[in-house]
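Here the protein sequences line up with chains A and B, keeping their order. Residue 146 in numbering that gives the first Met the number 0 is what sits at position 147 of the first sequence, and the numbering runs on without skipping anything. Residue 271 in numbering that gives the first Met the number 0 is what sits at position 272 of the second sequence, and the numbering runs on without skipping anything.
The set of hints was computed from the structure by calculation and includes no laboratory data. Misleading hints may appear alongside valid ones.
Copies of the same chain look alike in the list, so a pair counts if it fits in one copy or across any two.
What the hints assert, rightly or not - The calculated lysine to aspartate or glutamate pairs, modelled on DMTMM-like cross-linking and capped at a C-alpha distance of 25 Å, are:
(1) LYS260 / GLU53
(2) LYS167 / ASP104
(3) LYS240 / GLU347
(4) LYS260 / ASP439
(5) LYS260 / GLU290
(6) LYS240 / GLU7
(7) LYS407 / ASP11
Number of protein chains: 2
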Amino acid sequence: MQELDYLESNRDRHIEELRAFLSIPSVSTRSEHAGDVQAAADFVVQQLRAAGLEAVEKHSTPGHPVVTGHTKPVAGAPTVLIYGHYDVQPAEPLELWKTPPFVPDLRDGKLYARGAADDKGQVFIYLKVLEAFHQVRGGCPVNVKVLIEGEEEIGSPNLVPFLKAHKKELACDVVLVSDTHMMGYDTPSITVGLRGLTSVEVTVQGASGDLHSGTYGGSVANPIQVLCEMLVACKNPRTGKILIPGFYDDVRRLSAQDRRKLAEAPHDDEKFRSATGAPALFGEKGFSTIERIGARPTFEVNGIWGGYMGEGLKTVLPSQAHAKISMRLVPDQDPQSIAKATEAFLKEIAPPHVNVTVTRERNQGDAIWVDADFPAMQVARDAVRKVFGTAPHLTLEGGSIPIVANFKKVLRRDTILLGFGLPDDRLHAPNEKFDLRMLDRGMKTVAHLLNDLATA
Amino acid sequence: MQELDYLESNRDRHIEELRAFLSIPSVSTRSEHAGDVQAAADFVVQQLRAAGLEAVEKHSTPGHPVVTGHTKPVAGAPTVLIYGHYDVQPAEPLELWKTPPFVPDLRDGKLYARGAADDKGQVFIYLKVLEAFHQVRGGCPVNVKVLIEGEEEIGSPNLVPFLKAHKKELACDVVLVSDTHMMGYDTPSITVGLRGLTSVEVTVQGASGDLHSGTYGGSVANPIQVLCEMLVACKNPRTGKILIPGFYDDVRRLSAQDRRKLAEAPHDDEKFRSATGAPALFGEKGFSTIERIGARPTFEVNGIWGGYMGEGLKTVLPSQAHAKISMRLVPDQDPQSIAKATEAFLKEIAPPHVNVTVTRERNQGDAIWVDADFPAMQVARDAVRKVFGTAPHLTLEGGSIPIVANFKKVLRRDTILLGFGLPDDRLHAPNEKFDLRMLDRGMKTVAHLLNDLATA
């Protein structure tokens, strides 16, 4: 394939372009970055036009824009919808970055920047493969439609309405998403499961204002202490079981065969633990690490704060305490029902000496398990084998891409989750990176896949 | 007493001077305010000199300075050591102040500023009474020594060594401290008990860096959740009993008579609750509100933080969580032993999947209960009666002034805790204030007390 030579000979220019993309701080959750999110959308628009796509458009939404476009129509060829996102997570805590998050730094063949792997670097693979087909043979061998959004990191609140409104224009045979990772550089994998997500924020209020911990300490409840009691009531400290009534009711159980298959994947608990730096692993009793991440739901406090957090001691009896909680879900848990059950439970266990407010956040999405054997998936597995030299494992990923469940619901199509990240990419954390060897292999794999789908 | 007329006719000038004192942001716990703490010490030095004191000196310490001085010696008269502090608590959260904390604002006869009541306004009472005696009769009728420090709000770490080193110069018959409050404007009181204090900071570390809550959630412990479990293990959510082994071993029990006396003081739980704004009171089962505050120890989380605390959601599995804990103590608990027991317990209950670090803070002090009937105390009770028109109640205060126990230990002298604050002064909290009617009554009471001690 001549496209592979094209990609290789344009590699330096491409990496410079990726740096420019990563330099835009398109943090979707922060209103002060709205202009940057627009700039990232404009970057995608310009790239798609340069790659020869038609009808490239930046659609306004009540939030951040959606970018669409399609390749020159090829009669009789299948249609692939490519989805990705150009927004990124906040970069804080900034002091833990070795180099600034929005000044991409190339070290040891890896590009360090917020969004390097999640998801700008992976979106970039498609931009360049499409450019290669356009430059080398004047167009793509299959019909490609692209859908690149700017709200994935805040739960894609405007994408489902967009999907429904543009159902006809987005009609396709299969969806292709690169927003996940492989098991390793030498152990390729395709993701066949994603967890869902739901989240709440809880505020506990005691006194109406902060009080002197001497003058009042002992006479009124401390909202931090009460918040801790409530969070502990949600999860058993020894078994890791979530104690919210009804939480596990709709959890799809793994069959004995599923569990055997998962256990076959190369995984070493000690190596995994060592990579996290935790002194020991901890999770739900009765399940393996791979099952805990891929096939079991979680209850995680993402942030907690209250009282005095500065230097030294302030002997205050605080009036408020806050926690942000997110829960990863598995099929067939309903995000809305779980959030409601959590809110109801937190309010039920709130003692009478505090006031508790629970806000259900908009970040929500269904979990999904994908059929591993449909025809386009087999072409993808083959493309991976060609480039990586070995067939991909099929894995369940712990993260969430809420829109994938909606591709099935609205477009009635399956999604191939062909991610090119690596497990140590530090998504959502300081020093996120993308290994440029995976960028290269990603481009090759996608070029093969689009090429082979035309004749499959 | 002509001094009372002097104080009345100089009232406006005095209030302007108090404003100047309160304008200095002498926050002892913040290194960036070290210069302001010096400026507040200089203010006291200049005031003492203007009031005719001799040998006024600002002593350097490894921390903030101590100011001393004494009145012209009066042979045969008793010696009173007056103690106070010119440092203040941090003013945060700033957004909750109606007017800026270091721009004193006079509203409805009350002066609003950080330190207004704790303790600059009360130290100011002595500065002006000494000035009055100096101006009216050329000197004080008793021997007064003053000791004003700048580290009370951080636990007076350098004052005990100073006391020991200057034991001879500070020798006295009785110590007088105004750093507490009365029950009300019409219900005067003298404090005969103070709680002690000890504090620790705890850090729980899970993974070595923040992780993606999808990719890793469920496989390693969340340090926020573990910190909550540990804090809940320290205090029974239903009984309010502190569960640290040995915590209550040295607690001096109230006699039935003590409890009857405490119950006689005018106190209304509903009025008290309403003043705090809490939906209900909560405290150690089996004790009254007055007992919970005055005669029982506490375990309070003064601050907690970890993970993402910004706008929106960040689906992070944090690597660290932190809490600042302080404990109010009663006789005969030892602050050092309690801090050690807390540290040992926290480490003992730490599960193997996290690393726990406990720092014992230097903020420490013994609790003290003062004899209510020694001669100087009777003169003080009488001075209060003269000015307030009714005899003072004797109360146990929940706060801590760690140095008071050391006056007994080092100087072998009792302390009269003659505070002129009011319960709603909001010490350590936003919108701290000092009622100028209490400033006036405080000056009159202290003038009577010093005058009457000369002939007692």
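Where does the structure disagree with the numbered hints, that is, which hint numbers, in rising order?
-> When the structure is compared with the hints, numbers 1, 2, 4, 6 and 7 turn out to be violated.
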